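Keeping their order, the protein sequence lines are chains A and B. Residue numbering for the first sequence follows the working numbering, starting at 1 and increasing by one per position. Residue numbering for the second sequence follows the working numbering, starting at 1001 and increasing by one per position.
Source of the hints: derived by calculation from the structure; they are not laboratory data. Owing to the predicted nature of the structure, the values given are computational and were not obtained by experimental measurement. Some clues are possibly wrong.
Said to hold, decoys possible - Facing chain A, from chain B, some residues (calculated, C-beta under 7 Å):
(1) V1545
(2) W1601
(3) T1605
(4) L1665
(5) D1670
(6) P1742
(7) T1759
(8) L1763
Said to hold, decoys possible - No more than 27 Å apart at the CA atoms, straight line, and that leaves these computed lysine-lysine pairs for DSSO-like:
(9) A/K251 - B/K1726
(10) B/K1159 - B/K1547
(11) A/K462 - B/K1494
What the hints assert, rightly or not - Pulled a few chain A residues facing chain B out of the computed Cβ check, cut under 7 Å:
(12) G104
(13) N173
(14) G243
(15) M252
(16) Y279
(17) M281
For every residue, glycine included, the Cβ atom is placed at its ideal position computed from N, Cα and C.
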Amino acid sequence: MDKELLEHGLNMNRRKFLSRLSLGLGSVALGSLLIPDLLSGSGAEEMGFPPGIPHFAPKAKRVIYLFQNGAPSQLESFDYKPMLRQMMGQELPASIRNGQRLTGMTAGQASFPLVGSFYDFKQYGQSRAWVSDLFPYTAKVVDDICIIRSMHTEAINHDPALTFFQTGAQQGNRPSMGAWLSYGLGSENKNLPAFCVLLSRGKGNGQGVYSKLWTNGFLDSIHQGVQFSSGESPVLYLNDPAGMDSTGRRKMLDKLAELNNLSYSEFGDPEINTKIQQYEMAYRMQTAVPEITDLSKEPDDIIKLYGPNCLVPGTFASNCLLARKLSENGVRFVQLYHQGWDQHGNLPNEMAGQAKDVDQASAALITDLKQRGLLDETLVIWGGEFGRTNYSQGKMTAENYGRDHHPRCFSVWMAGGGVKPGVYGETDEFGYNIIKDPVHVHDFQATVMNLLGLDHEKLIYKHLGRRYRLTDVAGTVIPNLIA
Amino acid sequence: MRQPSRAALAAICLLAYFACNQPGANKGAQTSKLPDEVDYNFHIRPILSDKCFTCHGPDANKREAGLRLDIGDSAFKALKETPGAFAFVPGKPHQSEVYKRITSQDTSLKMPPVNSNLALTEHEIDLIEKWIKQGAKYKPHWAFVPPQPVKPPVVDDEKWPKNDIDKFVLVAMENAGLKPNVEADKERLLKRACLDITGLPPTIEMMDRFMADNSPNAYEKMVDTLLAMPQYGEKMALHWMDVSRFADSHGYQDDNYRSQWPWRDWVIYAFNKNMPYNQFVSWQLAGDLMPGATREQLLATGFNRNHKITEEGGVIQEEYRVEYVTDRTNSFAKAFLGVTMECAHCHDHKYDPFSQKEYYQLYAFFNNVKEVGLESVVGGPETFAKKPLMEISNEEVKNVLSFINKPDTNRLIVSVMGDQDTTVRKTYILNRGVYDAHGTEVVPGTPKSILSFDNVTPNRLGLANWLFSPKNPLAARVFVNRMWQEVFGKGIVKTSGDFGMQGELPSHPQLLDWLAVDFRDHGWDIKRLMRQIVTSATYRQSAIVPKEKLQADPDNIWLSRAPRYRLQAELVRDLVLSSSGLLTKKIGGPSVKPYQPKGLWELATSGRGLLARYQQDHGESLYRRGLYTFIKRTVPPPSLMIFDGSNRDQCEVKRSNTNTPLQALVMLNDPQVLEASRVLAAKLLLDKSDPVEKAFRMIVCRKPSEKELTLLRDYYKDQQQHYRGKPTEAAKLLNVGETPLPEKANKPVLAALMQVVTTIYNLEETLSKS
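Isolated chain B, as found in the complex:
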């Protein structure tokens, strides 16, 4: 019973919390009302963590005056340096040393100290005062308490919810005085679902079919069709590439080629097979240690070898080996636990209850790999993967690893995990994180504030089992939150990489727990989770932003409208290729090198290695989905980076979503967009339908309004006139991209239509999920 009541309280408290955390509310916050009941997790801990824990928190070495405020037991003890005084005296703020010090006018006593550059607001001081008055009750950090089954709340409006998600959302929305938007129109809903599930816009056939289907479950049927398409795996893999810091180069200095792509093919395959999340991750963590490990399980462990590996001659071996183990440890914590464990690399964590010792206990799981810091410098095919590696035979590609799209019969090697056979490499605390400053020896273990590591085998397989133990408070929450983020643009916990003390609080704590428990209890079924989210009424709302909602809830925290945001980098490319018909539908295979402005690799290279020069691909390889674009880490593809793609330097769980002039320049001038416009225009001219209307439908995925049509037709007419008078200019404009021009093309007309299509590609709505 403890959990539901805590969460119920949380929901109420959150209202107050967000009310004073909205942008521009700084001054207002000082006069805003205090909540009736002050809650440690939702009101007090964020203040203490942000302003006090650096010196009075988990880091034992930096703790001032022996005072620790992140644990109740310590905070209530008599102060070491001020006999007879106590940090907190429940019920009595004026006897509590903390309250006296935060309100002191004496700069030698005032907390936080002036030189910390930190300060408390009046409102924060009032909250602390009221909390002490009410008994100064500490509570465990919400994210470290395992999620408990929650019953969906009873709602007044029983007609709106389509599934349980909506009940949680509706209650929160109504508490905030908001009502849901109406359902989005069918065309826009279809585009949205297609993009979220497959990453591709709907075809005209799909649009026609869906519009004509008037059955009550037409939408659900469409969702099921989409989830069954192989492009679903590609879409899901996209996010996983950021999480796994996947790339096609080793990443340091000369940054030569690595052949890690078969691992990426496996990820697509696993998503399409709907491999349960716990299995999907366990294989990646410990496939090599599974009893009777299969070749597929071994390949899956490539996850932990996707990190950067140096080929710089002259490095100190151990320094880099330690770097790789560190990367694995940090990635594990961020990707699967959603915590910033890396902060405990050099010292105890400043905010979260993770000691440096616990960091190295976690590190110990990844420290036994049969590897060296520098295996080889820039060289030939034998350097494209580093030991331990697996060689994939052509025979295997035909049977057990048939999902690998291998185009040739060359030798193929992939870096995978493999532990030392006989001896276990000892792990020490590294003082200040320095690779050779060995401190105390440690054994594998996990942070006990999350879940202690008892009765489990002390290797990566044991760690995987620990992660998916029903008692683990984070594994399910962190993943459902990220899937939510991928669909809604931000997670229920906005800081999807930090569920710790400094992370944001969940906007819908009960919903998060409900989703987590439901996901776990239904076999960690990812497709089922996706289906639940996209068939909810919450998801189906229109994205229109009424003025009053923009004022009341500018960030759409309460989800009273569908989110509206720009497509991710790769999907921008996919939309252009797909709608123009250029897209190569092949799945998997080595990464490809599409058009790229000249000289980028050449200007940045030392001249060594296979990637010193950019050798652009030709033919169908030019038109693969963004997922397959070659990532050279030191010079990542500019068109993707300009749209906030990841440089794959380290594990990333959330991309930013900016809106910049450079993005406009890409859409206006990138030869890929221009070629697609030309190809689509040529195709439309052979068609009997109105080319302008059809182009609009294919690209924006809905029928244009009369106004839109008129504007575009006028422009088409104007451009025809322009290019009829300037046939050479028309020919120049059409001379873009490697797809041949139809022989009998009427160049001025084609050029004019091409301009219309480019304009449609540049519409804000085209590149938005709306």
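Chain A with its partners taken away, still in its complex shape:
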């Protein structure tokens, strides 16, 4: 472990040096790109980076977060509640609801008729975990994942709930999880940002996404999530204009460097050198990014694994494949959002479509990482911002019903990166309250950080007098989620 820590430390210092360039803190001629002596203790703190990182040896090096935006129903996916079918149409007992506040959409509803899943469940794998028929591919990798059925949150509406999951607070312009990890761990690849974001949308009732979900908040903007796509322009403003090739660009940059150097000899301002380096990094990105985002050269077995949609830019499948490539190339945090999971009505239909969009590719990502030997060091997370009610919203029939927002329990799964596979937590037979091993959003965040070698109480940033952290003032690491 000591060796691991040491190696990690050396990488960290290399990383810090590179980040220092991009932060524009001063001039570092490329020739002096030496690794500061880790053991002499000069380094992190003096360079303005968080001290003492990692706090302990990390299990995961990178994260791929498959966010299911809109909140998929746990009752049609991973939390099997046969009693709800038997009690179909019966009223939710007040003792179970127990004062839970409701959204404005069902607060006025006269009755709360229980409704069971339209889809059947079966048990899979060694863990004998229950998975609904909507997720056949996920069912096949069930022994690689840990299903947490006892997640709970505080918010009951999308915007605050999403913001809470990503930034640790419902309101306010705080850094998101990816930005925190970029700040704490930096990038492993000097040609790519540490935090990348990929968006896709299903046909189900959707909620928008907001760039504040990948904001750097009060951290430097270098930690902001950079939107990527597998389309023609994978990163904004990346492509040279038509009529100009890479040789032409190189020539222009050489002129620019010469001119900027004249400026440096006049002013002596280190920022000028930083600027020259930033143009060089931009140039390297122009080469590196298209190579990574080009999915056309992927072999057939990979295409087959992720499904044919992975060749259609902007689909969830394509984003999963791209996420694997980015992660493999050292991107610390790849954040996907798949929209369309807000089934207030027409749930059986819409949910089937949404599941079809994501099931194969999510499972493929696990398989793919595993076959490359990367799953151990890559943490994959799948889930939404809250759960859905066990009673129907609006008109209910056995084939057609809807579910409102439910913060008290929902399911997410995690895989790889030091996570212990299995099933964690339990809800009551109504699927309404947690009866065993609750995991609050802040606990979840604390655990993710722990897997990455970070103590969530120590990765702090002081802003306007206050020490901020991702987990705000709460959160406990859940040891039983860790292998």
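Using the hints, position chain B against chain A.
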């Protein structure tokens, strides 16, 4: 007399303070010398605040062992839990429990406790020891003591100062062993002043005129001309947009359109009219409550309705109404008082003497608005403003509100303030900040550590009067500091949003107070303040960074050189449009949608509302200043965000200034920059002068050196050769932007010159104030 002596001491102490707070000085700090006289405000309080107040500070509910260290009276009392012991015994560190505990080797006794992840350095412990030895004298927090008139210091070098600002700066500089830089050359000084006052680079005519004017007050004349230009109001409004979290969308979830822009037009107008700051802010806070309120005064109150408003069906009404009141309260405190009042939203403030009760007393001023949490979901024009709102008639646009640049005759509504008529909504302390957890009822009031709220009407108008009372310690300091920040890149108090215990200390405390008092005593005259700053010798120094100064004062705290930093996001755009001649000079009007990479709004939307798709503008609307770029909060314009623009989520008083590869990509590939290069190149080819030299002058705002000229001419020649051989490539390169190409253009030559112009746009100096 108390104040000058305090400030004088402060200036001396600051030297020591900064000496041990420079980057990389961590280890050095431990061996650095202790000051002869240890000062509570400048040495001790920052330590106690940062390391002790969380548990032994203002928050009564989290106070450990009943010990409070932020107030002298409490700190000297006998300890509750250790009879016969005292936290501080003046003169006797070894009898002081605090000293014993911070030096204890016993982890069960040691303070701060190990599990707090906090620790004191040797130097900090030594400072506390010496302070106790010297009598452990507490002093009130500097920022909460009203600024007193200060006499500018007497300086040895009487020739350098051009006004009183310089005397303060020179003394501090000399104490740090530094001498001022020489004055910047005229061309660079002109560019700097133009950018700071109008946000636009000088034209060639302005450059020629200024260079030819050899009168001793040529610069002052130029400054006056600039201050009188209508672009001054636009430049000043830019910062105010961040402060007021102004945007063109409601901000939550589907994030539909809002028509708040007439308020922005008013801000520009008010700055151009040079409305006194106290009036400018009072109208925004309480225009609706002024006796015989005018329509203009009512419009000004839009400030407090610029916050985000939800249109998400299904939210709990009261939860969001409380959110809006909270936003107003936090914004008021941050924007006008420079304090982090929001920390007292859920509990007593951890560092500053603000109780949770005081938070809700301040909140009470903003809690009586005739509003609901969710008025309407995404919909048509009736949802573009939320009640209370004002409808602006076409008649009004012709007379009393003629500064509104309304392009059509459609209905126009703006969200403004308006209190409930008959009943006053009761305000309660909200336990843990939860919207429905009502605690004790409170009445409007202000934090008494700043200034108590006596004999004032308990409404927003009363609050405005309180803010601008001569006894208010913060209003003037906070604003002059931010104007200083906008010009020099950082404030005299670097944490311009936090003047509290955890904020940074002023680098030039006396100068800050002098500026504040002078500003207040001269009718809160903003143009006068700006003029003072930009005509000072401090401002006029060259921006060259000599090696020894970079070592001695890397952050330029002592201002022995002019600051050199990149232009703000909007000004990058303005410079490109202005120098190329593309800029539309119109002032005000609805926000515009310039070129933007495809699919950004479309990919992030639920599909509902007017803003689901980005409908780019055409014609002159494409070329408006950055101030007018449409801000959809959930997907703000990328070219601005990449240059550290604000997403307008909440009140912001300071932007960061980063230097990233994405910025390089914008400047190299944004169609707006490329179109501007092409348009300027085409114009230059019709001109008789040397196109390379002229392009350089128009963009960098100075004549190029021979070396620069040679490099660029060589490049021009090379590119001509390249594109002559590849006419189709030339045509492709020129095919950018909506401005038509001149019919008879020699495409290879034009393409070559376009590349030269793009190169000049990408020079570090082009986008820098230097």
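Going down the list of hints, with the structure as the test:
1. The criterion of a C-beta within 7 Å of any C-beta in chain A is met by B/V1545, whose closest approach is roughly 4 Å, and the hint holds.
2. Annotation: B/W1601 was flagged as interfacial toward chain A, and the flag is violated, the nearest CB pair being 9 Å apart, outside 7 Å.
3. Here the hint on B/T1605 is kept, as its CB sits about 5 Å from the closest CB of chain A, short of 7 Å.
4. Proximity of B/L1665 to chain A holds as hinted, the smallest CB-CB distance being about 4 Å (cut-off 7 Å).
5. For B/D1670, the suggested interface contact is upheld, since its CB lies about 6 Å from the closest CB of chain A, less than 7 Å.
6. Proximity of B/P1742 to chain A is violated relative to the hint, the smallest CB-CB distance being about 17 Å (cut-off 7 Å).
7. The interface hint given for B/T1759 holds, since its Cβ lies 6 Å from the closest Cβ of chain A, which is under the 7 Å cut-off.
8. For B/L1763, the suggested interface contact is upheld, since its CB lies about 6 Å from the closest CB of chain A, less than 7 Å.
9. Under the criterion of a C-alpha separation no larger than 27 Å, the hint pairing A/K251 with B/K1726 is consistent with the structure, at around 16 Å.
10. For a cut-off of 27 Å, the pair hint linking B/K1159 to B/K1547 stands: about 25 Å separates their Cα positions.
11. Restraint check for A/K462 and B/K1494: satisfied, since their Cα atoms lie roughly 14 Å apart, inside the 27 Å limit.
12. Proximity of A/G104 to chain B holds as hinted, the smallest CB-CB distance being about 4 Å (cut-off 7 Å).
13. This hint holds: A/N173 has a C-beta 4 Å from the nearest C-beta of chain B, less than the 7 Å allowed.
14. Against a cut-off of 7 Å between C-beta atoms, the interface hint on A/G243 holds, since the closest Cβ of chain B lies about 3 Å away.
15. Evaluation of the A/M252 hint against chain B yields a held restraint, the C-beta minimum of about 6 Å falling below 7 Å.
16. Taking 7 Å as the C-beta cut-off, the interface hint given for A/Y279 holds, the closest approach to chain B being about 5 Å.
17. For the restraint placing A/M281 at the interface with chain B, the shortest Cβ-Cβ distance is roughly 4 Å, inside the 7 Å limit, so the hint holds.
Hints 2, 6 from the earlier list are contradicted by this structure; the remaining hints agree with it.
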